[in-house]
Each structure stands twice: as C-alpha cells, then as structure tokens.
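**Q** Going line by line, the protein sequences match chains A and B.
Mapped onto the numbering used here, the consecutive letters of the first sequence carry residue numbers 1 to 270.
Mapped onto the numbering used here, the consecutive letters of the second sequence carry residue numbers 1001 to 1362.
Certain hints may be false.
Said to hold, decoys possible - Just a sample of chain B residues kept apart from chain A, beta carbon distances all over 12 Å, derived:
| id | residue |
| --- | --- |
| 1 | Arg1047 |
| 2 | Arg1177 |
| 3 | Gln1182 |
| 4 | Tyr1222 |
| 5 | Pro1276 |
Unchecked claim - List time: in silico DSBU-like cross-link candidates among lysine-lysine, alpha-carbon distance up to 35 Å:
| id | chain 1 | residue 1 | chain 2 | residue 2 |
| --- | --- | --- | --- | --- |
| 6 | A | Lys166 | B | Lys1170 |
| 7 | A | Lys166 | B | Lys1065 |
| 8 | A | Lys193 | B | Lys1103 |
| 9 | A | Lys166 | B | Lys1286 |
| 10 | B | Lys1020 | A | Lys166 |
Because the hints were derived from the structure by calculation, they are not lab data.
Here a beta-carbon is modelled for each residue, glycine too, at the ideal position from N, C-alpha and C.
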Amino acid sequence: MSEKKHLFFALPYYLWLALFVIAPLVLIFYQSFLNLHGQFTVQNYLDFAQSSVYLKMTFNSVWYAFLITGLTLIIAYPVAYIIAQFKSRDFWLALVILPTWINLLLKTYAFIGILGEKGSINTFLRFIGLGSHQLLFTDASFILVAAYIELPFMILPIYNAIVAIKPSLINASLDLGASRFQTFRRVIWPLTKNGVAAGIQAVFIPSLSLFMITRLIGGNRVITLGTAIEEHFLTTQNWGMGSTIGVVLVVAMLIVMLLTDDSKKGGRAK
Amino acid sequence: MAILKFEGVKKQFGDNVILKDINFEIEEGKFYTILGPSGSGKTTILRLIAGFDYPNGGSIYFAGKQINQLPANQRQVNTVFQDYALFPNLNVFENIAFGLRLKRMKKKEIQLRVQEALALVHLAGYAHRELDELSGGQKQRVAIARAIVNRPKVLLLDEALSALDHKLRKEMQSELRQLQRQLGITFIFVTHDQEEALAMSDQIMIINEGLIEQSGSPVDIYDEPLNHFVADFIGESNIIPATMVRDFAVAINGKEFICVDAGITPGEQVEVVLRPEDLDITTVEKGKLTATVDSQLFRGVDYQIMVHDTDGHEWKINSIHKTTVGKQIGITFDPEDIHVMRKNETQAEFDARLESYQGVEA
Ligand SMILES: Nc1ncnc2c1ncn2[C@@H]1O[C@H](COP(=O)(O)OP(=O)(O)OP(=O)(O)O)[C@@H](O)[C@H]1O
Ligand SMILES: [Mg+2]
C-alpha cells in the first residue's frame, strides 16, 4: 500500500524537480550548441576556449569567488564559534540570519549609501580631516560587499557543526591532557570540517556567478562569468554563447562540490 | 598518605548551592563509590576532581598539593564519561592513543601501550574498528581503555555502566573490579545504583543534597546505617519508630527487645532498622510481634511479604516460605538484627559512641 502512497506524495516534488531543475539545465545545454542563427554547432565552445577574454573572465570569476569565500570563512568561523558559546545563542544566530530576509538589491544600495562619495564613511573621513576617497567601484569594496552578503550562508553550517559537538568531547580532550589549542586542532576542527565544506559550497558557487554586485559596487571593473552571461542574454542576445558560459559555470560548480565533499571518505584518521 | 582530599568543598551555580560542605580522603589503590540519588551532586564532585569546574570554597588536595584552580589538562586524573565521549572522527586505536600522542610518545611505544590497554579490556583485535562498528558495551570498554592507557593516579567513572543492559552490566562490574585490583589505580565510581555500589566498592560515600551522609565499607553501611536516609537508600529496610529503654534494650510498640546498641539516653525516641531478610515468619504464639499478612509477591528467589502489626506499622519480610494473605502471623528476629539509629547523629558521634561501649562488650 505504501508504495503507491509514497509516489503520490512524492509527485509534486518530482514535478518541481523536472520543471525547474532538470528542464532549465537541459535547455541551457541544448542552447549552448546553437549559434546566433539557430544552427547546431560546437563553435560556442571553441570560441570560449580560444578567446583570451573569456579565459580571463573565467580566471577572474574563480579568483574573486576564492577571495570572497576565503574572507567569509575567516570571519565566519570565529563568529560561529563565539555565538555557539553564548547562553543566548539563538538570539545571536537570529541576528546573523536576519539580513538574509532583506532583498539583495536593497542591501546593495545600502552599501552604495555607505561607501559612496557622499556616503557615511567618506563624511567621517572628511570630518577627521583625511579627505574623501574613492571607495565604491574598487575591487576591495566588491569583495567586502559580496562577503557581507554571503556571510550568513557560511556562518550557519559552521555554527550547526559546532553546536552538534557534545560538550563532553571537549572535556574528554582536556581530560586526556590536551591544551585548548590542541583540543581545537584535534577535536573541534575535524568535527566541524563538514560544516566548513558545506559553507564553502554555499558561498563559492553563488560567488562564481555574481553579476549585480559586480556592476553596482564593482562598477563593472570586475567582469566575471556572471556579468558575461547577463550581457549575452540581455544585451547582445547571443543566447547560445550565454548558455555555453552557463554550462562552464555548472561544470565549475560540480568540481567545487566534488572537491569539498569528503563525506564518503569520512575524514577519518588512519 | 591520601592521594586526594576534599576539605570543606563548596560549589554553587548562581544561588543554587550544589555542594554544601564536602569532606573526604581518598587513599591510593582502592575502589571508592559515590552513591546518591539523582541531582545530589555526584557528577559535580567528579567535575571538581577532574578540573572541569572549580570549587567556590574549601580546598582540594592532590598528593598533598592544593589543586583548586589547576586546569584539567594538568591533572593526573582521567575520566570515563557517562556518554563515553569517544571522538567520533577517530577509530578505536586513535581514540585510545589520543592522550599518548599528546605526550609525544614514540610510535612503537604508543602501539605497545594501546594493544596492552585493549587486551586489558578484552578488546584485542579491535584496534582498527570504527566506532560505529562497536556495541554499547564495547564502546564502554574503549572509553575505559582510553583512560587507563595514560596510567592515571586516579580514574573517575561517572555512571560508567548505566547504559548497559542488566547482564552486561553485571559482567562489567566484576571486570572493572578485577581491572582495578590488577592495575592498583584508585577508582572513584559514581552511581545511583546501591546494589552496584555494594557489589564493587572498598568504600562507599553516600551523598544527599550536597552533603556526605555516611561513608564506610559496604558492610558497615548496610549493617549500621547512620540515619533514616541511608537506611532507606541502601538495601530494603523496615524503619520503625521506637524508644530506648536502657543500654542494650529498646521498646518497639511498647514491647521491650534486647538489642546490641548502647550509649543512648534511656527514654530517647529513636528509629530501629530491621532488614526484610532478617525477619522470619512464625506462629502468633512464638512471634515477638503479631501481624496480619497484606500481600505476597513471588520474586523468583523469594517472596516479598507485606504485613502490618497490631500498632499499624507496615513491615516488609523476605522469605523463601509461602504464607497466606489475611492470615495472622508472628514475626521473630534476633537481637543483632535490630539496628538503632539516633536522630541527627553525625558519623563522628556514632563512631565515638560505638567505641565507648564496644570496648565494654569485648
Ligand atoms: N552548570 C550547571 N549550572 C547550573 N546547575 C547545575 C550545573 N551543573 C549541575 N547543576 C545542578 O547541580 C545539581 C547536581 O548535579 P549533578 O550533575 O552533580 O547531579 P548527579 O548527582 O550527578 O545526578 P545524576 O545522578 O542525575 O547524574 C543538579 O540539580 C543540577 O541541576
Ligand atoms: Mg551525574
């Protein structure tokens, strides 16, 4: 009896998968083999591989995604660790999650207000006599804003991994003679590695295809594959090339997932 | 010399006083049990010894040195945790080697010591198992091996056997006892199971609401409980109000009985303890007390018989002979089966009183 029921309840889910995950992927894959005149070709891939512009963009995308991920990780781990120690940790966690409820565009504009020529930072700098500086449209501001937006997605999985560690494990480590640092290195870090991997996936993959922030905060100085896709679909209308870049991104994401997924190996010491 | 000593130790969390005034001495090479009801502060005592918490008052001495604030990783004490607390990212070998690796011991030596520890807990050949390939009892043994491999002076065990089923538990009790004798390490074992405490320990400390009610050998505590709480907590007992008549005589229900206690003011209101297994059922004529049988429960080895006497006191009798519910019976017992308890007598007062008249008796 349960077989049929099972299928019945799972149907919406499969339908959803088919319509909104499988179909778009198939379409992108199919489109990537069409040229501007709708003819079947592999020219898009050849163009991509031979053009230094695209290769540079690919490199840029990976490099900036790497920097953004690195920065969020450096900030997120200690934050997650400290929040996990608090008595009122649910409250602090809520504060971390809250910004994700605010529209991305809104947050981005808020940063323009903060970093802009007439923004609060420059006003302050002028006030203390340091004069105004170009903060917006720099690599640094781009990375900073991107990291800010991605931060909760790094903190959450790490936090979850940390609170899942039984306090008695920490005590056991101290009991066996480990210092606080040794306890971190030998117990806490290995047990939170999966959380870190999940966080890296959650941040690195979207960071590869950022486009709005590159434009609004990075001032189009940073051109990534995300920007290129947007250009091809909305400006040059070269859907084939746009899809090709999309496929490249999908492949890049798969590689990241494979690299960060060590759940099967279990991460165990020999 | 005592390896471990508590002197007026206090511990509170906020306004909540957990340990009021704990005093004891632990000698090297013995098996101690801390026994008490849930929430009485047993784990808290172990945490203070291990260094996971620090006392709010009093002193803890280890081998003569005060260690009140000494960090846990610098104490020569190891703990077997109630939930095992094995490191899930490491296999059996690495769990046991954890402490040795921190000491930067040579690989060969580590290998040797881990194998030795595994053999001691009867797990030779399990070194390369992952934790999820072990049963609860085996995990328990790994936890013990992980602690003893460091050769601590004192081993702390917090309800170490409570997660095991009855049979395995019995097995582990005698194995632990054997292991302790073999290693000569001091064991401090925490439990709320009085049967377990009686079976395993050299010394038992009974703790209640942050105070030690009584400490002594299992036999002492069973035969001469200091007060109502201990008598009730350890074993089954009948605790009946009585009046001291004179030395070696006590009145129950207005009837005088010969007993072995003395040094108590005549006329003092006391309580007497009679163990159910010391009571015998006989005919009304031969009985010292007359009672009516209320219920009878077969328990495999014996019957537990509940009766009430002519004064309305309930008695519990364990007997291998059957009786009949509703029947009038007689209860008999010997003078040495009666143990008299004074109200609010401390252990020191009790010991002093015992000494004062046992000299006379002998
Ligand atoms: N960190 C803490 N903060 C506040 N109260 C605590 C803390 N640790 C323990 N307590 C309280 O101290 C009391 C004694 O706790 P403890 O763990 O020592 O009891 P126990 O005798 O080991 O009981 P059990 O047999 O249930 O394990 C309990 O009432 C507990 O709520
Ligand atoms: Mg406890």
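**Q** Next, verify each hint and record whether it holds.
**A** Comparing the hints with the structure gives:
Some Cβ of chain A comes within 12 Å of the Cβ of Arg1047 of chain B; the nearest lies about 8 Å off, and the non-interface call is violated. No beta-carbon of chain A is positioned within 12 Å of the beta-carbon of Arg1177 of chain B; the least distance is around 23 Å. The claim that Gln1182 of chain B is not at the interface with chain A holds, since no C-beta of that chain comes within 12 Å of its own (minimum 22 Å). Distance to chain A confirms Tyr1222 of chain B as a non-interface residue, since its nearest Cβ pair spans about 33 Å, more than 12 Å.
Here Pro1276 of chain B stays apart from chain A, with its beta-carbon at least about 39 Å from theirs, past the 12 Å limit. In summary, the hint linking Lys166 of chain A to Lys1170 of chain B is supported, as the alpha carbons are separated by about 28 Å, within the 35 Å threshold. With a CA separation close to 32 Å, the supplied pair Lys166 of chain A and Lys1065 of chain B stays within the 35 Å bound. Proposed proximity of Lys193 of chain A and Lys1103 of chain B is supported: the alpha carbons are some 25 Å apart, at most 35 Å.
A C-alpha spacing of about 62 Å is found between Lys166 of chain A and Lys1286 of chain B, which places the hinted pair above 35 Å, so the restraint is violated. Restraint check: the Cα-Cα separation between Lys1020 of chain B and Lys166 of chain A comes to about 29 Å, which is no more than 35 Å; the hinted pair holds.
In summary, the structure is inconsistent with hints 1 and 9 from the numbered list given earlier, while agreeing with the others.
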